[in-house]
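Protein chains in written order, with the numbering used here: chain A, 98 to 395; chain B, 14 to 366.
A few of these clues could be false.
As the list claims (entries may be wrong) - Simulated pairs of lysine-lysine, DSBU-like, Cα-Cα distance not exceeding 35 Å:
id, chain 1, residue 1, chain 2, residue 2
1, A, K127, B, K41
2, B, K104, B, K194
3, B, K152, B, K194
4, B, K194, B, K147
5, B, K147, A, K127
6, B, K112, B, K194
Claimed, not checked - Some, not all, of what chain A presents toward chain B, calculated at C-beta under 10 Å:
id, residue
7, P170
8, G172
9, V227
10, N228
11, P242
12, R287
13, D288
14, Y289
15, R294
16, G297
17, A298
18, T302
19, V306
20, G314
21, A390
Treat the hints as calculated values from the structure; they're not laboratory data.
In this text, all values refer to a predicted model and were calculated from it rather than measured experimentally.
Quick reminder that beta carbons are idealized off the backbone N, C-alpha and C, glycines included.
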Amino acid sequence: MSTAITAPAAVAANTPYERSAGFWTGVLRKLARDPVAIGAAIVLLLLVAMALFAPLLTPHDPYQASMLKRLKPIGFENYLLGTDELGRDMLSRLMVGARLSLFMGITPVLIAFVIGSGIGILAGYAGGLVNTLIMRTIDVLYAFPSVLLAIALSGALGAGIGNALLSLTIVFIPPIARVAESVTTQVRSRDYVEAARASGAEAFTIVRVHVLGNVLGPIFVYSTSLIAVSMILASGLSFLGLGVKPPEPEWGLMLNTLRTAIYTQPWVAALPGLMIFITSISFNLLSDSLRSAMDVKN
Amino acid sequence: MSESHSNPTASPIVSVRDLRVTFTGGKKPVEAVNGVDLSVARGESVALIGESGSGKSVTLRSLLRLHPERRTRIDGRIDIAGHDVLALGSKALADYRGKVASMIFQEPLLALDPVYTVGAQIVESIRRHEAISKEDARKRALELFERVRIPSPERRLDAYPHEMSGGMRQRAMIALALACKPQVLLADEPTTALDATVQIQILLLLRELQRELGLAILFVTHDMGAAVEVADRFAVMYGGRIVEEGPTREVIRNPRHPYTLALMQARADGAMTKGARLASIPGSPPDLANLPVGCAFAERCAYAQPACLQTRPEAVAISPSHQVRCLRTDATVGAMDRNHDTAPDTLSPALAD
């Protein structure tokens, strides 16, 4: 080893170098190369656009019932997707229903993301007794299956959108807090956290800069995968009459009210379920792609 | 007892007295360091050498109090540049870390935060200790990058750690450690994770910085070759104690502790001839949760006598600046020359300048 005394700069100098585009730009670039991610993103964008512009796009009034045109098949007259049990236009109702369904899918997860991350990061960074206290409390909630917990909470709080949102939020806090805690525990023992301490960073700075910076990505990815679950649970609550009330169009509720028509108009009755399926699978696929795109080691 | 003999006129900037570090987290307390005395003068570099579990890294981390407070007991006294380190409150400790003494880690890829550019990390570190604007901090970061000789420093500031090569990352790590103009630089195996050609560059850079900035460097390594390149003085650790300490040349030419001797003979380069067996030290390091009464090395020592198992040896002065904790220093006189025909001063041509 003693013979190789070269000018230190010489070896490293000639490597081609590209100005680094931030972390998120890199993630986006990787996503753009993933056909599954692009497909899922396009579907979701269309759904969101449809929800936003529903009042402008609907061919019929989604609340206008007609006793004469009940349960018509797909393609009947100018009802592109048929009519429901009260003769209302399915297409219009599915479009308007996207608003509430997406809202019920995303909002609880968003709130739970903020609260759950906070709890999990606190538990993970504090460690010791604080961690035990917080995480065992979380485990109590975690012990119930999410569907049961959502139904029980909603039932106890009473029907209504607000209560459904609240109960879904409570359902999603424990899993998010758990992921946040485990990621934080990992990050806490990393060398760069010790290096930050060695250069004089105090606990608050370490959490704000190094823990948050490294932890939010994975928690976010996990949370996006919960949106699909949230939509299905919200639909389930509406199906049971605990969430959205009729005549408000919402996919879960529509599935419920149409279930009696499953033998007379099976295709029409299945449409709200199909919408839920398409939306949730798109969210799942996108979050999967996001997960692999954010993996720096690749 | 171990004053800075190499330069008696300078008062030591790092002074460690009877340092004892005990980890109390497990079932049995682990005495990782027991009774280390060490001093480093201004502008001097000292290498702490030893195998895994000898307590060298633990000693180094104690100087910044990086061990988890709840599970560690530190006794003794550490004075660094006028700071009584063990008595500092949390605010004073944060001010001291990075500003008075800072640290380079073994694996720069792990020690740099992957989600921020290296420039941002240096700026953040500077602004933690000094109230200056982002622009000024960035200028300082740029100067630091030039100082550690990172090519095209302006653009490299905006690079993420994973976009740099290993040697470049370690340079960036050094720049980060120097961000707040510390007086003492602690290095934990700074070259172990690098390949051989890059190692020597980093070592030369460290020595250059030591000379130009008047830094005191305390660095931990198990690589004798690396230590020789940078260190003015060697301190060899075994079983949580310093067993031999002295000026680099003296220690490598005339190692008097059997452990140092065995380390010198176990080096792969130099003494290797085809077909010759590589010397190794039999046995394994002592269990720090259960240290023997006598000399910790006695069980593995070729020169051990019954007395070695009974008494913990005190420091014996070989020369005013060279001390050994061994009962059998009489037996190791000239042992290096007897066992090997290699002259130890061919260890490194870089030492000659």
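We went through each hint and held it up to the structure:
1. K127/A <-> K41/B: Answer violated: K127/A to K41/B is near 50 Å, above 35 Å.
2. K104/B <-> K194/B: holds, 19 Å
3. K152/B <-> K194/B: Holds, at roughly 14 Å.
4. K194/B <-> K147/B: Answer holds: K194/B to K147/B is near 17 Å, not above 35 Å.
5. K147/B <-> K127/A: holds, 31 Å
6. K112/B <-> K194/B: Holds - the C-alpha atoms of K194/B and K112/B are around 6 Å apart, at most 35 Å.
7. P170: Result: violated, 54 Å to nearest chain B Cβ.
8. G172: violated, 52 Å
9. V227: violated, 12 Å
10. N228: Because about 13 Å separates N228/A from the closest Cβ in chain B, which is outside the 10 Å limit, the hint is violated.
11. P242: Nearest chain B Cβ about 35 Å off; hint violated.
12. R287: holds, 6 Å
13. D288: This hint holds: D288/A lies near chain B, its Cβ roughly 4 Å from the closest one there, short of 10 Å.
14. Y289: holds, 4 Å
15. R294: Holds, about 6 Å.
16. G297: holds, 4 Å
17. A298: Since chain B brings a Cβ to about 6 Å from A298/A, closer than 10 Å, the hint holds.
18. T302: holds, 7 Å
19. V306: With a closest approach of 7 Å, the V306/A hint holds.
20. G314: holds, 8 Å
21. A390: violated, 14 Å
The structure shown violates the earlier hints numbered 1, 7, 8, 9, 10, 11, 21.
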